[in-house]
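Trainee: Chain by chain, the residues:
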Amino acid sequence: MNSVDETVGEQTHTQGVDSDRSRLDRLKTSAFVESMPFWLPATLLVFLFVYGAIGWNAIISLTGWSGLGQPEYTSFTLDMYRQMPADTDFIASFRNTVVLLVAFTGVSLVVGLGLALLVDRKIRFENTIRTIYLLPMALSFVVTAIFWSWMYASDGLINTMLGGVGLGWVAQDWLGDPRFKLAAVIVALIWQFSGYCMIVYLAGLRSIPNDHYEAARIDGASTLTLYRRVIIPQLRSSTIGATVVLMVFALKAFDFIYVMFGTNPGRSADILAVTMYREAFAASQWAYGAAIAVVLFGLALTIIGPYAYSQYKRGAL
Amino acid sequence: MTQQHTVAGGRSRRRILQAIGTAGIVGLAGCTGTDDTEELDQLLDENPAEFNPVEIGHWWTAGGEQEAFEALVAGFEEAYPEIEVDSSPSPGGAGSALEADIRNRVVDQNPPSTFQIWPGQALTDYTDEDLLYDIEGHVWDDEMQEAYLDGPIEVSRPAGEFVAVPINIHRLNNLFYNVDVVEDAGVDPASIESPSGLLDAMEAVDEAGYIGMAQQTQSAWSTVQLWAQVLLGEHGVGAYETFISGDVEAVETEIRDSLDITEQYREYFSDDASSLNDWDDASDYINRGEAAFFHQGDWAAGEYEGDDGFEYGDDWDHVAFPGTDEMYALNMDSFVFPKHNPSPNATLRFLQYAGTADAQERFNPPKGSIPPRTDVDESVFTPFLQDQIADFQASTEQPPSIAHGLAVRSSIQTSIEGAFANFIDNWDVDETYDELAASFE
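First to last, the protein sequences are chains B and P.
First residue of the first sequence: 1, per my numbering; consecutive thereafter.
First residue of the second sequence: 1, per my numbering; consecutive thereafter.
A few of these clues could be false.
Which chain B residues face chain P? A few, computed with CB under 8 Å, are given here [claimed, not checked]:
1. Leu68
2. Glu126
3. Ala153
4. Gln172
5. Leu175
6. Gly176
7. Pro178
8. Gly262
9. Gly266
Calculated from the structure, these hints are not laboratory results.
C-beta: ideal position from N, C-alpha, C; glycine also.
Let's have the full structure, built from the sequences with the hints guiding it.
Mentor: Printed below as a string of C-alpha cells:
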C-alpha cells in the first residue's frame, strides 16, 4: 500500500510540473490562440470604433460641451438628462418615436402576414409578386421619402386619385397638417417594410412540415382553424425576429424624416433621431445631442436585450 | 502686386503688439487644453512660396449662385494663376448642410481654407472660441475699409476684430408681384402702407380669383423671414432691434401682433404651400401668373429675369415690403480665415481677391445681389439690381437678418427656427410667442 501511495505521490508531483508545461504548450497550440490572428484585429477594431465610440458618446453626454471649442473632461454631471423632462421638443419627439415604433411595427407585421398567407396559396407568378412586394425595401430611404413627398403633395397622386373616384373631400394637406404628418410617414414606412415581413413570414410558413397540415385536415379542421391553431402559432419566432428588425429600423427612421422635412420637422413629426441631429449639428449643443443619443441607445437596448437574452436561453446565440 | 506688398508691409507695431496678445491667449489656451494656434504673420512667413490649393466650402450649387461662384473662381484664377481652387460644395437646407459640415470640421481642427458664412452674429460661435484669424491689415487695409459701406464693415467685426470679408448684399424686404394679376384685381402695390394693409390687398386678389401670396411652408426659414418683415413694417426697426437684443418681453404686443398678421396671411397662401420643396417652387406662381404677391430675398429676382418674355416692370415688379420703404433689410455672405488653415498663403490671396471690386463685379450680377463696395461699376448690373443699389443708397435703416444669422447667434437662430417650425405646424400665436421668448434664454 505504502509503495503504491509513494508512486502515486511521485506521479502527482511530476504530473504537476508536466501539466504546467503542457498547459502552456496546449495553450500555444489551442484553437483559441491559433485563431487569434483571424478574429482579434476585427474584435479590437469593433471595440474601439463601435463600443468605444458609444462609451465616448456617453461620456460627452455628461459634460457641458457646446459651441465650437473642445470638450472639457473635468467635471461630469447629469445636467443634460435633467433638462429633458422640461424640454417640450424632447417630450414631443420621444412620444412620436414611441408612436412610430408601435404603429409601424404592428401594422407592418399584420400586412406582411396577410401578404405571406396570400402568396403562400400556390398562386401563379409567385416569384414575380414576391419580388414586387420586396422591391421597396431595396430602395434607400432618400429615394422613397422623395417620391412619397410627391405623392402626398396637395396636387400629388394621392389627392388626385381621391378626387378622381369622387372622394375629393377626403383629400388633405398630408405633409402640412400636423394631424397627418406622422401618420403619413408611418404609412410610407409600412409600404416600404411590409414586403420584408412577408418574406420572413413566407420562410416561416415554408418551414412548417406538410404533415401538420395533413394531420389537421384528417382531424377535420376547417381552413380558419388550421390557420389559428396550426399555422400562426408556429410563426412565433418569425414574428419576434421581424419585430426586432422593424423596431430598430423605426428608431433609425432619421433619413426618411430628414429628407421629407429637413432638420426641423415641427413637433408633430419630430423623432428622437432628428432632435439629436438638430441639437448636435445645427445648434452645436454637443452634450445635449449626445444625451439624446444615449436615450435612443437605451431604447434600442430595451428592444434588443430581451430578444438576445431569450435567444441565448434557447441556445440560438 | 500691391496686394503682395500689403502682406509684407502690414507688419506694423500694432501687429506685433497683437502678436504678443495672441501669444498670451494661446498660452492660456494651452493651459486649458486647447491646441496652440500660430500667429498669422509667423504662419505666413513659414513658407511664403508654398501655395496649397485653396479649398472653399460653399452652398452655391445651382442656378445663378453657381454661375456667380464660378465667375468668382475664374477671376481669382486669372489674378493668381499659380493657386489652384478646390471647390467643396455642400448643397441643401438653405446652408444648414454646409453649416453642419463646417462645424464638424472646425471642431476636428481640420477646416477648409475658407468657407461661406453669414457675417455678423453668425460668426460669434467662431470668435468666442478664437477660431478665426484677425485679418485687419492683411486683408482689411485702409483702401478696402474706405471702399466698403459701413454696414458690411460692422458685420465683419462682430467681436471687434476684422474676421470676415463680405462679398455681397441681399435685400430681404422685397415684395414681388405679377403686374397683370394685381392690375386685374385692381390693387396698387405701391399704395399699400403696412403689412396689415397687405391683407386687404390680398383679399381683393383672392376675390379676383388668384392666389394672394405664394409661399413655401415646408421648411421654417421662409416664414421666419416673412414674419421679420411684418414686424419691421408694422412696428418699425426699434421693435425689431429690441427683439434681437433679447428683450422679447418689452415688445410682447408687437411680436404677438406681427405673428397674428402672419397667421392671417396664411389664408391667402396656395393650398400646396406646405408641400413646396423650396422657395423657387413658390416663386414660380408669379411666373405662371397664378399668384399676386411673393415675399422673398432679392435672389428670387433671378427666377424672373431668367424667364424669357417675362419682363421687369411690364410683367413682374417689386416694391419694398409694405411699411419698410426706408429700409434695406440686410443679408450677406462672407468668407473667413479659419485657424488650423491648410493653405495660409493661398487663403490670404483669396480673401484679398474677394474684397476687390473686380471680384464683386464678377460675383454679384449673376448672384442677384449688390456689392458691399461702393466703387463697383453699376452698368454691369440688371435694371432691377440698379434700382436696388439706388434703394440701398437712399435707405435710412439697414436691419440685419434673423433668418440668415446676421442678427442673432446661431444657437438662438436655431431656436427661433424651431419656434417657427412649430408655428407653420399649428399656427398658434401664444405658443410661438412663448417659444420665441424662450429662444434667448
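Trainee: Are the hints correct? Go through all of them and say.
Mentor: Comparing the hints with the structure gives:
no.	hint	result
1	Leu68	holds, 5 Å
2	Glu126	violated, 38 Å
3	Ala153	holds, 4 Å
4	Gln172	violated, 10 Å
5	Leu175	holds, 5 Å
6	Gly176	holds, 2 Å
7	Pro178	holds, 5 Å
8	Gly262	holds, 5 Å
9	Gly266	holds, 4 Å
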